[in-house]
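*Asks:* Sequences and hints are given; from them, build the entire structure.
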Amino acid sequence: MSKLKRLTETSPAFKRYWRRSLPLMLLALPLGATIGYLSAPSMGEHSLWLRLPVLAMMAALLLWSLLDYLRFLRECDEFERKLEHIALLWSSGLVMSCAVLLWTAQAIRLAPLSAAHVLEVLILGFIASWLLIRLFLHWRNL
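So the sequence shown is numbered by numbering that gives the first Met the number 0: it starts at 0 and just counts up by one.
Please keep in mind that the hints were generated in silico from the structure rather than gathered at the bench.
Do not rely on the hints blindly, as some may be mistaken.
Unchecked claim - Derived SDA-like pairs: lysine to any residue, alpha-carbon spacing no greater than 20 Å straight-line: (1) Lys14 with Gly92; (2) Lys81 with Ile132; (3) Lys81 with Phe135; (4) Lys14 with Ile132; (5) Lys14 with Glu77; (6) Lys81 with Phe13; (7) Lys81 with Asp67; (8) Lys14 with Lys81; (9) Lys14 with Ile126; (10) Lys14 with Asp67; (11) Lys14 with Arg80; (12) Lys81 with Leu65; (13) Lys14 with Glu83; (14) Lys14 with Ser113; (15) Lys14 with Leu130; (16) Lys81 with Trp17; (17) Lys14 with Ser64; (18) Lys14 with Glu119; (19) Lys14 with Arg70; (20) Lys81 with Met24; (21) Lys14 with Trp138; (22) Lys14 with Leu54; (23) Lys14 with Leu134; (24) Lys14 with Arg73; (25) Lys81 with Thr33; (26) Lys81 with Leu69; (27) Lys14 with Phe135; (28) Lys81 with Gly92; (29) Lys81 with Phe71; (30) Lys14 with Leu30; (31) Lys14 with Glu74; (32) Lys81 with Leu136; (33) Lys14 with Leu101; (34) Lys81 with Trp129; (35) Lys81 with Ser10; (36) Lys81 with Asn140.
*Replies:* Okay, here's the thing in structure tokens:
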């Protein structure tokens, strides 16, 4: 069996985790778009009362996904749990380093960035680095 084929074959716990997470991820897309629409300047201040329930739903969705990930970690075997922890540590370290660099660039007025752009970069950077590091660790340990 080729190494690439083995890499795409994940554990049953990981498959169950992604099957449970897919509806949550698909639900987050319209919620995020709704928050963006309600935050438009044309909506005015009265949209605050419309944004609060959507924000509460997004918070519940994030809490549910965190609890689901912790459930996945409990279902994993020891080796896969170790790989997950290493991937989380590396991606957290990379994101914290990027946060310090972005903060320094902002402090010396090298790059005028808004807080929203910095958060977007850090969140997407964390997700991308976690996926790439996880993929690399599984590839290396086949």
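*Asks:* Hint by hint, note whether the structure agrees.
*Replies:* Going through the hints against the structure:
The straight-line distance between the Cα atoms of Lys14 and Gly92 is roughly 27 Å, outside the 20 Å bound, and the hint therefore fails. Our distance criterion of 20 Å between C-alpha atoms is met by Lys81 and Ile132, whose separation comes to about 13 Å. Only pairs whose Cα atoms come within 20 Å are accepted, and Lys81 paired with Phe135 is accepted, the gap being roughly 14 Å. Of the pairs offered as hints, the one joining Lys14 and Ile132 holds, with about 18 Å between alpha carbons and a cut-off of 20 Å not exceeded.
In summary, the hint linking Lys14 to Glu77 is supported, as the alpha carbons are separated by about 17 Å, within the 20 Å threshold. Annotation: proposed proximity of Lys81 to Phe13 holds, straight-line Cα distance about 14 Å (limit 20 Å). At most 20 Å may separate the alpha-carbon atoms for a hinted pair to count; Lys81 and Asp67 meet this at roughly 18 Å. About 17 Å separates the Cα atoms of Lys14 and Lys81, which keeps this hinted pair within 20 Å; it holds.
Straight-line distance between C-alpha atoms of Lys14 and Ile126 comes to about 18 Å, which keeps the hinted pair within the 20 Å bound. Simply put, Lys14 and Asp67 have alpha-carbon atoms about 13 Å apart, close enough for the 20 Å limit, and the pair holds. For the proposed pair Lys14 and Arg80, the alpha carbon gap of about 14 Å is at most 20 Å, so the pair holds. Only pairs whose Cα atoms come within 20 Å are accepted, and Lys81 paired with Leu65 is accepted, the gap being roughly 18 Å.
For the suggested pair Lys14 and Glu83, the alpha carbons sit about 14 Å apart, so the restraint of at most 20 Å is met. Under the criterion of a C-alpha separation no larger than 20 Å, the hint pairing Lys14 with Ser113 is inconsistent with the structure, at around 38 Å. Between Lys14 and Leu130 the CA atoms are separated by roughly 15 Å; this keeps the pair inside 20 Å, and the hint holds. About 19 Å separates the Cα atoms of Lys81 and Trp17, which keeps this hinted pair within 20 Å; it holds.
Restraint check for Lys14 and Ser64: the C-alpha separation of about 15 Å stays at or below 20 Å, so the hint holds. For the proposed pair Lys14 and Glu119, the alpha carbon gap of about 27 Å is over 20 Å, so the pair is violated. Proximity of Lys14 to Arg70 is assessed by CA-CA distance (about 13 Å); at most 20 Å being required, the pair is judged to hold. Straight-line distance between C-alpha atoms of Lys81 and Met24 comes to about 25 Å, which puts the hinted pair past the 20 Å bound.
With a C-alpha separation of about 17 Å, the suggested pairing of Lys14 with Trp138 holds against the 20 Å cut-off. Restraint check for Lys14 and Leu54: the C-alpha separation of about 29 Å exceeds 20 Å, so the hint is violated. With a C-alpha separation of about 15 Å, the suggested pair Lys14 and Leu134 falls inside the 20 Å cut-off, and the hint holds. Distance restraint check for Lys14 and Arg73: the Cα-Cα separation of roughly 14 Å lies within the 20 Å cut-off, and the hinted pair is therefore satisfied.
Using a Cα cut-off of 20 Å, the hinted pair Lys81 and Thr33 is violated, with the two alpha carbons roughly 37 Å apart. For a cut-off of 20 Å, the pair hint linking Lys81 to Leu69 stands: about 13 Å separates their Cα positions. With a C-alpha separation of about 18 Å, the suggested pairing of Lys14 with Phe135 holds against the 20 Å cut-off. The hinted pair formed by Lys81 and Gly92 meets the criterion: a straight-line CA distance of about 17 Å does not exceed 20 Å.
At most 20 Å may separate the alpha-carbon atoms for a hinted pair to count; Lys81 and Phe71 meet this at roughly 13 Å. For the hint pairing Lys14 with Leu30, the CA-to-CA distance comes to about 25 Å; that exceeds 20 Å, so the pair is violated. Proposed proximity of Lys14 and Glu74 is supported: the alpha carbons are some 11 Å apart, at most 20 Å. Using a Cα cut-off of 20 Å, the hinted pair Lys81 and Leu136 holds, with the two alpha carbons roughly 10 Å apart.
Annotation: proposed proximity of Lys14 to Leu101 is violated, straight-line Cα distance about 36 Å (limit 20 Å). Proposed proximity of Lys81 and Trp129 is supported: the alpha carbons are some 14 Å apart, at most 20 Å. Restraint check for Lys81 and Ser10: satisfied, since their Cα atoms lie roughly 14 Å apart, inside the 20 Å limit. In summary, the hint linking Lys81 to Asn140 is supported, as the alpha carbons are separated by about 12 Å, within the 20 Å threshold.
Comparing the model with each numbered hint stated earlier shows that hints 1, 14, 18, 20, 22, 25, 30 and 33 do not hold.
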